[in-house]
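So the sequence lines, in the order shown, correspond to chains A and B. Positions 1 to 383 (my numbering) are the ones given, in order, by the first sequence. Positions 1 to 383 (my numbering) are the ones given, in order, by the second sequence.
For the record, the hints were derived by calculation from the structure and aren't laboratory data. Wrong hints could be hidden among the right ones.
Note that identical chains are pooled: a pair holds if it fits in a single copy or bridges any two copies.
Below, a list of computed lysine-lysine pairs in the DSBU-like style, where the Cα atoms sit at most 30 Å apart [as the list claims (entries may be wrong)]:
(1) K301 x K223
(2) K32 x K262
(3) K383 x K301
(4) K262 x K35
(5) K191 x K224
(6) K35 x K317
(7) K148 x K317
(8) K223 x K262
(9) K20 x K223
(10) K224 x K317
(11) K227 x K174
(12) K223 x K270
(13) K191 x K270
(14) K299 x K223
(15) K191 x K20
There are 2 protein chains.
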Amino acid sequence: MRDVVVIGAGMTKFGELWDKSIKDIFVEASLKAIKDSGVDHIDSIYVGAMSSGLFVGQEHLGAILADYLGMNPVPATRVESACASGGAAFRQAYLEVASGASEIVLAGGVEKMNDGADVTEVLATAADQEYEVYQGITFPGLYAMIAKAHMHQYGTTREQLAAVAVKNHRNGSKNKNAQFGFEVTPEQVMKSTMVSDPLRLLDCSPVTDGGAAVIVASMDVAKKLNKNFVRVIASAQASDTIALHSRESFTTLNSVVKAAEKAYRMAGIKPTDLNLCEVHDCFTIAEIVVSEDLGFFEKGKGGEAVLNGLTSIESGKIPINTSGGLKSKGHPVGATGIAQIIELFEQLNGKAGGRQVKNARIGMAQNMGGSGASSVIHILEVK
Amino acid sequence: MRDVVVIGAGMTKFGELWDKSIKDIFVEASLKAIKDSGVDHIDSIYVGAMSSGLFVGQEHLGAILADYLGMNPVPATRVESACASGGAAFRQAYLEVASGASEIVLAGGVEKMNDGADVTEVLATAADQEYEVYQGITFPGLYAMIAKAHMHQYGTTREQLAAVAVKNHRNGSKNKNAQFGFEVTPEQVMKSTMVSDPLRLLDCSPVTDGGAAVIVASMDVAKKLNKNFVRVIASAQASDTIALHSRESFTTLNSVVKAAEKAYRMAGIKPTDLNLCEVHDCFTIAEIVVSEDLGFFEKGKGGEAVLNGLTSIESGKIPINTSGGLKSKGHPVGATGIAQIIELFEQLNGKAGGRQVKNARIGMAQNMGGSGASSVIHILEVK
């Protein structure tokens, strides 16, 4: 397989973008990424989007976005793995360049969630319709069950959950593209409206419109353009049972464990070699569970770790979600996996401003669909 | 890029499968393909599906299908390019094996269209919502405009359109998996209910439930298994403007022209080297236009060619849609592109029974999304 690199990135502000259509959002992010990379053409386009059909009544998203980008006849394909759609789109771009079929591929992600659809109902299509959704469960409910089990099994506390939100909002307050770029206190989190016990409003990622795009290329292209680039040293994906009730454990996400094993093996590194990690914190409990399943902390110790500051930018141990994460930056589901890659691209190039991790050289992005039925992991390195 | 081959295939009967869910359908097709190939594991899964969210309220189709196949933690990703979703899924499987990332990939497609959704409305999400659908147009209307323009510009006749349906039903009558596996007469086609002038009921592909899957592998795997295999000698994809009104011409599908150019170049062959072709006959006019755009006939002569029998199995010129095509076999949109590959796999292995093309050695599959905004073309060869 050929070396594959990221040579440019662009994203919209995340938020409620009432004056922008899904096409506007994708085009804005893509044009920024193209400009940033300096390429004069694109060989192929992938678009990660979870449910443009249900959110805005538009399928066939690859073709329509290539059209509005003015890029016909460039091939364009939509990729969907629920909230891991962005990570999956990046993986397809990686595979296409690695195969030698293309030199320059645009990997984008987009979601327009604020457009009148019942968002909770649309998101629930990422769970098992027959065995979960028809019984009335929603995603806050599924993750609340994970949280309850984790608290029961390992003594994880309400304060530890809140610490995830506090840290991510602190990081997000330094990210101009964040939807909720302000700090919150532990008290604010713990007194916010109850959503699904024990998860409160400030434990949940928000409903977001947004787009993100990166330019993936061969090493030859990167060297010719003489650009700052970041190498993809691992791409791994794994599946788990879609329904929570089918799993052996509620407190371990097997797709994360399996994808991480593959990714570490492919990159030839250990968890301690990573300088930062973007994880899929759709709910505060998700960050705690994933930080354990990625091997950063012993099982059951993820809550303690975040409360003790081991995942903060300043700690030096393993800064998690320096971008603000889904929690503060926002979670336009199809765009999230690409936005994670963008954070790594900026951090590894030393361009993350007030949230820069010192001497960041290797970073990981972990993007997840449903209650962890899909997990896509990438490791990027700068030399 | 490594050599990539198809080593097994399986599909469900196409039709109104009221007693089967989308999961049942995909699992049935996949298990048949796995059994046919003789493999003992799968490295990765792609699922082509256009709109499972709107048809059956289920997104995250990769993960749920991997789960019901009992295949966790194998990575599974859904690919969507409207009615070209199956072809696009096959292309991703091809790229993954070509890259060296995987040895054995399952490429499947599925759609459950008969489940209560307003099918015409769901299919319309493959067109431009803002500029086409909101004005009241549907796919029969879009293809009717193409037909009118083709008739006006080239003198294509009602009889020629009917000849497509007559030929494809004749072929489909020899395909046990066809939804409408019976013959029709030109008179029946021309007297069937008007849908959108000049297109009548028997000019339109039906609403279909169905699944199809193939096993894509490296040459090493194929040789080890000592299986009949068919080599993928070209994979190409192209986009066009999504809205018909944005195109220079209504009577040429530019995505087909561009993808065909690439495919012929990659395979190193000319149109006359092909022994058969499966084309995307969602409407009779589509087969005529595509047969011209693929270079089989001079522009404007596609109607005459089918009426004169040049595309029949017996003619020897270029048999088109030996499977019965979308018209007779049925069109479960996400599965169609894979079912086309299956027809080539059977024909090139000499296993197409009563519809066998003599000495078939090279075949093409052309799968299309929307009114031609996406086109995916594959060329397969047996040695």
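Status of each hint after checking the structure:
Taking CA atoms no more than 30 Å apart as the test, K301 paired with K223 passes in neither setting, with 43 Å inside one copy and 49 Å between copies. Taking the shortest alpha-carbon separations for K32 and K262, only the inter-copy value of 29 Å comes in at or below 30 Å, while the best intra-copy value is 32 Å. Taking the shortest alpha-carbon separations for K383 and K301, neither the intra-copy value of 32 Å nor the inter-copy value of 59 Å comes in at or below 30 Å. For the homomeric pair K262 and K35, the shortest alpha-carbon distance between copies (27 Å) is at most 30 Å, but the shortest distance inside one copy (33 Å) is not.
In this assembly of identical chains, K191 and K224 lie within 30 Å of each other by CA distance neither inside one copy nor across copies; the values are 54 Å within and 63 Å between. Taking CA atoms no more than 30 Å apart as the test, K35 paired with K317 passes in neither setting, with 35 Å inside one copy and 49 Å between copies. Proximity of K148 and K317 under a CA criterion of 30 Å is satisfied intra-copy only: 27 Å inside one chain copy versus 68 Å between copies. In this assembly of identical chains, the alpha carbons of K223 and K262 lie at most 30 Å apart whether taken from the same copy (28 Å) or from different copies (27 Å).
Taking the closest pair of Cα atoms, K20 and K223 never come within 30 Å of each other, the shortest separation being 36 Å inside a single copy and 53 Å across copies. Taking CA atoms no more than 30 Å apart as the test, K224 paired with K317 passes in neither setting, with 36 Å inside one copy and 47 Å between copies. Taking the shortest Cα distances, K227 and K174 sit within 30 Å of each other inside one copy (26 Å), while across copies they are farther apart (58 Å). With identical chains, the CA atoms of K223 and K270 are at most 30 Å apart within one copy only, with a shortest distance of 28 Å there and 36 Å across copies.
For the identical chains of this complex, K191 and K270 are neighbours neither inside a copy (38 Å) nor across copies (70 Å), given an alpha-carbon limit of 30 Å. For the identical chains of this complex, K299 and K223 are neighbours neither inside a copy (42 Å) nor across copies (44 Å), given an alpha-carbon limit of 30 Å. In this homomeric assembly, K191 and K20 never come within 30 Å of each other (Cα to Cα): the closest approach is 34 Å inside a single copy and 47 Å across copies.
When each numbered hint is compared with the structure, violations occur for hints 1, 3, 5, 6, 9, 10, 13, 14, 15.
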